[in-house]
Amino acid sequence: MSSLESLIQSNWIDILSAPFMRNAFAAGLCIAIAAGVMGYFTIARNSTFAAHALAHIGLPGATGAVLLGLPVSLGLGVFALGGALVIGALGKRASQREIATGTVLAFASGLGLFFARLSSSASQQMQAILFGSILTVTDDQIIGFALFDVVLLTLLSVIYRPLLFSSLDEQVAQAKGVPVGLMNVLFMAIMAGVITVAVPAVGTLLIFALVVTPSATANIITHSPMASMVCASVICLVSIWGGLLLSALFPAPPSFIIVTISTLLWLVAKATHKARLHS
Amino acid sequence: MSKDTAAIVFHDASVSLAGRTIWSRGNFEIPTGSVSAIVGTNGAGKTTMMKVELGLIPLKTGTVKVLGADAGTHNNRIGYVPQNYAGDIDSNLTAGQSVLLGLNGTRFGIHPITSKQRERAYQAMEFTGMADKVDVPLSELSGGMRQRVAIAQALVGKPDLLMLDEPLANLDLASQRETVHVLARLNREFGMTIQVVAHDLNMLLPILNGAVYLLDGHPHYARMNEVLDADLLTHLYGTTVQVVTTPQGDMFVTPTPDEPQDTTPDTHSPAEAARFHNHVHDDLRRDNTSDSSGRNGTGSSIQ
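First to last, the protein sequences are chains Z and D. Sequential numbering from 1 applies to the first sequence in this note's numbering. Sequential numbering from 280 applies to the second sequence in this note's numbering.
Warning: the hint list may mix true and false statements.
If you anchor each label on the Cβ, the simulated ranges turn out as follows [stated by the list, open to error]:
hint, chain 1, residue 1, chain 2, residue 2, range
1, D, R464, Z, V150, 46 to 52 Å
2, Z, V158, D, E419, 26 to 32 Å
3, D, K395, Z, Q127, 29 to 35 Å
4, D, V522, Z, R276, 39 to 45 Å
5, D, N355, Z, R276, 18 to 24 Å
6, Z, V150, D, R467, 23 to 29 Å
7, D, E398, Z, A275, 45 to 51 Å
8, D, E419, Z, P179, 29 to 35 Å
To be clear, the hints were calculated from the coordinates, so they are not data collected in a lab. Ideal Cβ positions, reconstructed from N, Cα and C, are used throughout, including at glycine.
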């Protein structure tokens, strides 16, 4: 027990009550709502790899923005949105084309590294962009996140059924008059926004664990789209807040603990589901 | 078969995709209340024809009227069941929820599901024998069951015309029979016009009234007794086909056990056939009206 106590950081109460922690908890709430809601559609549309790729396509935007003295989120958002619109315009099946997407992903990452090397400040921020820096989220960013959540939930409440219909079977939805092309572009554009919001928490490399993994877990537990979205948001929130708490107690980076919690919950759900099927 | 009773009317219709003519000179009418098939070899443009009827693919020439208006106008009165429905679904959506999307899936805005809608969805699933699977996730259903969920989703909007793309492909015999049974009841009890894309006619023979066959790059419609001709079917599929009439009067199309080694199948690729001179097509139509003696002429005139 004494060894565990010695591991716990003595100043954890101070850390938790610091303003940057309050900001981190608030950011975590905004991110959890956005990621949990969109994760459902990402899985339903078989676009998980495209979502992962968008984060990487945003990387050169992020490092390029630092180079030009612009906000990281702006550069990331613009590049992710650009990539999203291209993938979206190519159609739902394009978001499943793994070779093309993967190639663009690798090139974008390389470009991001190139931009980062062009200036020392971008180089310093590289690690934060790749692995997240939820403890440095500013007040302005939180306002931006909250506004994004409001826009996201409003837009989704309008397009919810047609988007779900086109995710289920695009051909039937199209025959019935759903504008499937528009749905696809909208979905990818929203996805770019969610990624821009979620990158500060876990970075471009670990985004999968916040956008896709909680929804996969929720899909195992729940039996309706709405329930799945709520459940995924809660799992996201538990992961992020849990990560923040534990990183205050133990000297470990929050991103690592966030991803670990998210992954463990998925493993437990998966194993339980398998055991139930076999019993 | 006058205009006001025909569900689908093709007039000089042709389609080309990426510069290649898929088929041309489509002139036929499919009667309301009939069960018909679209038959032809792989790549002959069967699915394309269904998409043309849904207004999803534009015509190069001519017109296609469906339910009395240009294709695509009355899609809310058409139930469409694609091939391999929701085949790549990876979500927790249940069978019941997906059937409900057939009622409200196109509506923007917030619309809570009413008990009346639930009732209709349940009735549709009851009709296709899936009532006990309402709360089962689609991803846990077999292909045959998903097929019947798809039919229920198409039915829930009470369509006048039901279109199914290869509804029997990849199904086991029992599931094929179930599906054919559902189609037969829909036609008999509600007078629903049904069109089916099929490459294997056997299972459907008992319920078919006619078929559109894509033989020489031109679609034709013929009543069933005219289509069921061994020479025509052999030519259509490029492999030897026999028509057997059983004592019960049922007819079966049976491929011979093995293909003789030294014969060349008397067939043409759809692209090649589409280039054939048009007057051949006109001769063919005239031949078709003069009973089956014209059919042998069909085979030779196309070479």
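Requested in this report: Starting from the hint 29 to 35 Å, judge whether the C-beta atoms of E419/D and P179/Z obey it.
Outcome: holds, 31 Å
Query raised in the report: Is the hinted range of 26 to 32 Å satisfied by the C-beta distance from V158/Z to E419/D?
Result: About 31 Å separates the Cβ atoms of V158/Z and E419/D, which means 26 to 32 Å holds.
**Report entry** Q127/Z and K395/D - C-beta distance against the hinted 29 to 35 Å
**Finding:** violated, 57 Å
Requested in this report: With respect to the beta-carbon atoms only, verify the hint that E398/D and A275/Z lie 45 to 51 Å apart.
Outcome: About 37 Å separates the Cβ atoms of E398/D and A275/Z, which means 45 to 51 Å is violated.
Query raised in the report: Can the suggested window of 18 to 24 Å be confirmed for the beta-carbon pair N355/D and R276/Z?
Result: violated, 41 Å
**Report entry** Outcome for the supplied range 23 to 29 Å, where the beta carbon pair is V150/Z and R467/D
**Finding:** violated, 53 Å
Query raised in the report: Is the distance from the Cβ of R464/D to the Cβ of V150/Z consistent with 46 to 52 Å?
Result: Cβ of R464/D to Cβ of V150/Z: about 50 Å, so the range 46 to 52 Å holds.
Query raised in the report: Given a hinted range of 39 to 45 Å, is it respected by the beta-carbon distance of V522/D and R276/Z?
Result: Roughly 52 Å apart at Cβ, these two residues miss the hinted range, so it is violated.
Of the numbered hints stated above, those contradicted by the structure are hints 3, 4, 5, 6 and 7, listed in ascending order.
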